[in-house]
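One letter stands for each residue in the lines below.
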Amino acid sequence: MCSLEKRGNLFILTLTGQSVEHRLNPHLITSIIAALSQAKAQSSRGSALVTVSHGKFFCNGIDLDWVNAVARSNQEAQQHFDHLYHSLKRLVLAFISLPMPTVAAVNGHVAAAGVVLALCHDYVIMRRDRGVLYMSELDKGIGIPEVFMALFRAKISGSTRRDILLRGLKIKGEEALKMGIAEAVHDGEEGVTDAGTEMGDELAKRKWDGEVYVEIRKGLYPELCGMLGMTSNVTATPKL
Amino acid sequence: MCTLEKRGILFVLTLTGDDQHRINPKLIGDLLSLLSQVKAQATRGSALITQAQGKFFSNGFDLDWAQAAGSQQGASERLLHMVESFKPVVAALLSLPVPTIAALTGHAAACGFVFALSHDYIIMRRDRGVLYMSEVDIGLTMPDYFNAVFREKIGDASARRDLLLRGLKMKGDEAVKRGVAEAAYDGEGEVRAASVRMAEELGKRKWQGEVYAEIRKGLFPQLSATVGLGHKTIATPKL
Chain H
1 MCSLEKRGNL FILTLTGQSV EHRLNPHLIT SIIAALSQAK AQSSRGSALV
51 TVSHGKFFCN GIDLDWVNAV ARSNQEAQQH FDHLYHSLKR LVLAFISLPM
101 PTVAAVNGHV AAAGVVLALC HDYVIMRRDR GVLYMSELDK GIGIPEVFMA
151 LFRAKISGST RRDILLRGLK IKGEEALKMG IAEAVHDGEE GVTDAGTEMG
201 DELAKRKWDG EVYVEIRKGL YPELCGMLGM TSNVTATPKL
Chain B
1 MCTLEKRGIL FVLTLTGDDQ HRINPKLIGD LLSLLSQVKA QATRGSALIT
51 QAQGKFFSNG FDLDWAQAAG SQQGASERLL HMVESFKPVV AALLSLPVPT
101 IAALTGHAAA CGFVFALSHD YIIMRRDRGV LYMSEVDIGL TMPDYFNAVF
151 REKIGDASAR RDLLLRGLKM KGDEAVKRGV AEAAYDGEGE VRAASVRMAE
201 ELGKRKWQGE VYAEIRKGLF PQLSATVGLG HKTIATPKL
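From first to last, the protein sequence lines stand for chains H and B. Quick note on numbering: full-length UniProt numbering labels position 156 of the first sequence as 156, and the sequence is numbered without any gaps. Quick note on numbering: full-length UniProt numbering labels position 158 of the second sequence as 158, and the sequence is numbered without any gaps.
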């Protein structure tokens, strides 16, 4: 479902599995959370993480097939949906509390909960030549859970937020760059993945203290962190 | 350490000397005293320009003074003391009944950057000087009011992330582009002249000081609350 590799100071989390769309179901989510735990356990000053995927999709949202396959009634489907939502909240928490800079190397289409996954990272790199970022909820007639709204409020400014959520725009790489969603765009899957790992390496070179880094990140996103039940710690470990 | 001059109806607060203008209890005391004077002497049409001599606007808290405590515990206490004591400076600037401009002719880092951001407008050099939150590189977390200043004064989420989480050293042109600074000019003289021009332009509007301060606090409610400021409603229409 996903694999974790360590290359020097860089952790590379790869979304694997047979699903081309890398849809989020409890198995994949659990697998990612476990990988992040591992990275956290092995982290040191100057660690960084990049998440990569392969093929046409980075992540196309939640696995509705799974929801429907295991449910025998509408009520059960709703329960599984809720369970999935809670797992996603834990996933967001795992990323926001990871004590190192994170980069999402978005190799292809990213939609709905997949956008949430990408935005969990500190930086997003997209493909210029292919792939769109798309919050499909409005078109599908599905509401957006509060925690995800908080994530958008935290990470994306003003009219861009409205355009993504309320306008159902399919946003290509260049556009995402202009809108401040993506940090950089590159051509080709390899281009994006390489740029992602390079950025990870660059950030790692700053040798930031992981605990301090998380606290500063939490300070940037107080509403989101409050919703995820995170508390703050003040650290003064000046490098003198 | 710092002086206050009146040039016509403009107040000019200068951090003097060629040093880093580190923020310590002495400077904080002086700033509070001078800002009180501005408040007392301000009239409709006044404005404040804060500027500095030398290569730095301010390089943040006086960590040397903190270290001089002689122990890790002592140093942390002194640092915390400075963090707490600087809040009233931010509060004084937020409630000052005149428009305020930070004229940056040198680097503004950490608390020095927060000091600059506590003004209504930043004018800086294009050719030299950076805005820099050094905390992530030094290994310090942000006090609550630092986070509030950034959240409420800088609208662009990715700019906030780049400054706080990435330790970006932001130069004049980028600061203007990303909405952190109002304008950037080449050379010290240009920055000072531009800030005087802007102060005069703002002064011409003859805003009622109390109203100005209340509207400003209304723009930054979280920051105001964090530094202990309340809010009141005024209706004194210009009739």
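Source of the hints: derived by calculation from the structure; they are not laboratory data. All values reported here derive from a predicted model rather than from experimental measurement. It cannot be assumed that every hint is accurate.
[Said to hold, decoys possible] Residues on chain B that point at chain H, a partial pick, calculated with CB under 10 Å:
1) K6
2) L10
3) T14
4) T16
5) I138
6) A159
7) R161
8) L165
9) G203
10) G209
11) F220
Cβ atoms here follow ideal geometry from the backbone N, Cα and C, with glycine treated the same way.
> Which hint numbers doesn't this structure obey?
Replying inline: 1, 2, 3, 4, 9, 10 and 11
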